[in-house]
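Protein chains in written order, with our numbering: chain A, 1 to 274; chain B, 1001 to 1274.
These are computed hints drawn from the structure, not numbers from a lab. Just so you know, even glycine gets a beta-carbon here, dropped at the ideal spot from N, CA and C. Each hint should be verified, as a subset may be incorrect.
What the hints assert, rightly or not - Rough simulated footprint, nothing fancy, chain A against chain B, three-plus residues with beta-carbon under 8 angstroms:
1) 1118-1129
2) 1171-1179
3) 1193-1204
What the hints assert, rightly or not - If the Cβ cut is set under 8 angstroms, some of the chain B residues that face chain A in the computed set are:
4) Asn1080
5) Ala1110
6) Phe1253
7) Asp1262
Protein chains: 2
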Amino acid sequence: MILLLAALLAAPTAAEIVADAPPAAWRAVAPDNLLIMETGAGTMAIELAPDFAPAHVAAIRDLVRAGRFDGGAIVRVQDNYVVQWAARPAPATKAKPLPAEYERPATGLAITPLGAPDAYGEAGFANGWPVAQDRATGTAWLAHCYGMVGVGRDNPPDTGDGSELYAVIGHAPRHLDRNIALVGRVVAGIEPHAALPRGSETMGFYKGPAQQTAITRVRLASAVADAPRFEVMDTGSASFAEYKTARANRTGFFVRPAGASDLCNVVVPIRTVK
Amino acid sequence: MILLLAALLAAPTAAEIVADAPPAAWRAVAPDNLLIMETGAGTMAIELAPDFAPAHVAAIRDLVRAGRFDGGAIVRVQDNYVVQWAARPAPATKAKPLPAEYERPATGLAITPLGAPDAYGEAGFANGWPVAQDRATGTAWLAHCYGMVGVGRDNPPDTGDGSELYAVIGHAPRHLDRNIALVGRVVAGIEPHAALPRGSETMGFYKGPAQQTAITRVRLASAVADAPRFEVMDTGSASFAEYKTARANRTGFFVRPAGASDLCNVVVPIRTVK
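The following block holds chain A by itself, in its conformation from the complex (with noise of 0.2 angstroms):
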């Protein structure tokens, strides 16, 4: 016991894994799949998640390349759920509902394995996204951690085209994997977007325009002249491997490092870029 305390008291804390991390364990975010969204309240960046729901990642660059969320609006805020935007409504008819990407084939992701119990499948990350599992069904799908960016849909689950989206902004409501399309994540921002009023109308929507919080404009940020860049630790990585130990064996202030972690508080390490 004694020998295990001066182990973890001689181990690096998580931050200090991350600042020493090489190079070669962290990856890029594509410019294509990075949003620059700004808003009344702030500017958040968003990384996409193409591997995870294609139809409804491209749905939405085209629904940004097409300017449709310039002029759109924070809608709701709900506490301890989320806050949800919509793009201003379509022009003519009402865009073709996409698949419902809820989950795909495990097979051709590398998933490294959270090593802990989880109510709510088998828990690990893929390519720095939080992720879980079903081996009966051979399916993976993102989970919906804090933070986490998805979309809208109706009660028929092929309702969503994209023009709708969410972000977690409370204790995880894991419930949802796999029931809504989940396509990325706030890799910056979410902060002052979290702190917006709750909305007074059931679910959190606000009550109109005048509580709203309005979109600017959303582009990629391939399409942005000096867009901020980002890398995402690589969860494959032997820097994330010790990460992940050391947020499961917290130490300094911890009087009893809890040895394990749930998957959401794992939180997966992105930087800027300068």
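With the hints as your guide, set chain B onto chain A.
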């Protein structure tokens, strides 16, 4: 599969179960365990948990009765983590440090199992509280779910005196379980406090009083005329068992009920009493 689906569609929703729960399925929040905190952002009601942290709760009651929180301030809001507030500084000597009430014997608690895997222990509910237990040590402890209230401390584990409190406003930081004293939970009014601007300094502290939100006053409900009254669902009741099952097998919007739920997504029902 068809039959299972039919059974799920016929099953009452979690909201219906809560609405239909008989009076015996509820327990009142004792007025001596209920703090009414008025701040510049609104009113927050907090239920204290003397069964888990008796010395801390007694110290907090003493501070409240002495008016020490009146004129205090919300000093820290860290995104996806906590809102934290502090009493006015003690007039003279530093208060005696409190014992480390981080866990207690499981004996004497009627624990209803969650019935799903948990990364941090064996999860369940006791007398209306989310808890975890370790059968090896025979101990149980309150879990850091959304809205739970704890006592800030410095690095030495015995420095908390109850004059600095925090509420969880993000994904459950369960790694704090057994590392800090949880003393209760917010039962009403967390929304405007969770929506406060995040602090600009390290760990979300505000830069100074100009950024902070003032605490007007804090009283025990037992000392307030016409104080609000709350009831918590008895987590040993048949209604709660039904509710827990419904939370794991959501219907309506959900195309694939998870079949399980993590501890903090089975939010214990609380209602106001007219």
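Discussion item. Flag every earlier hint the structure violates by its number, smallest first.
Written reply: Violated: hint 5 alone.
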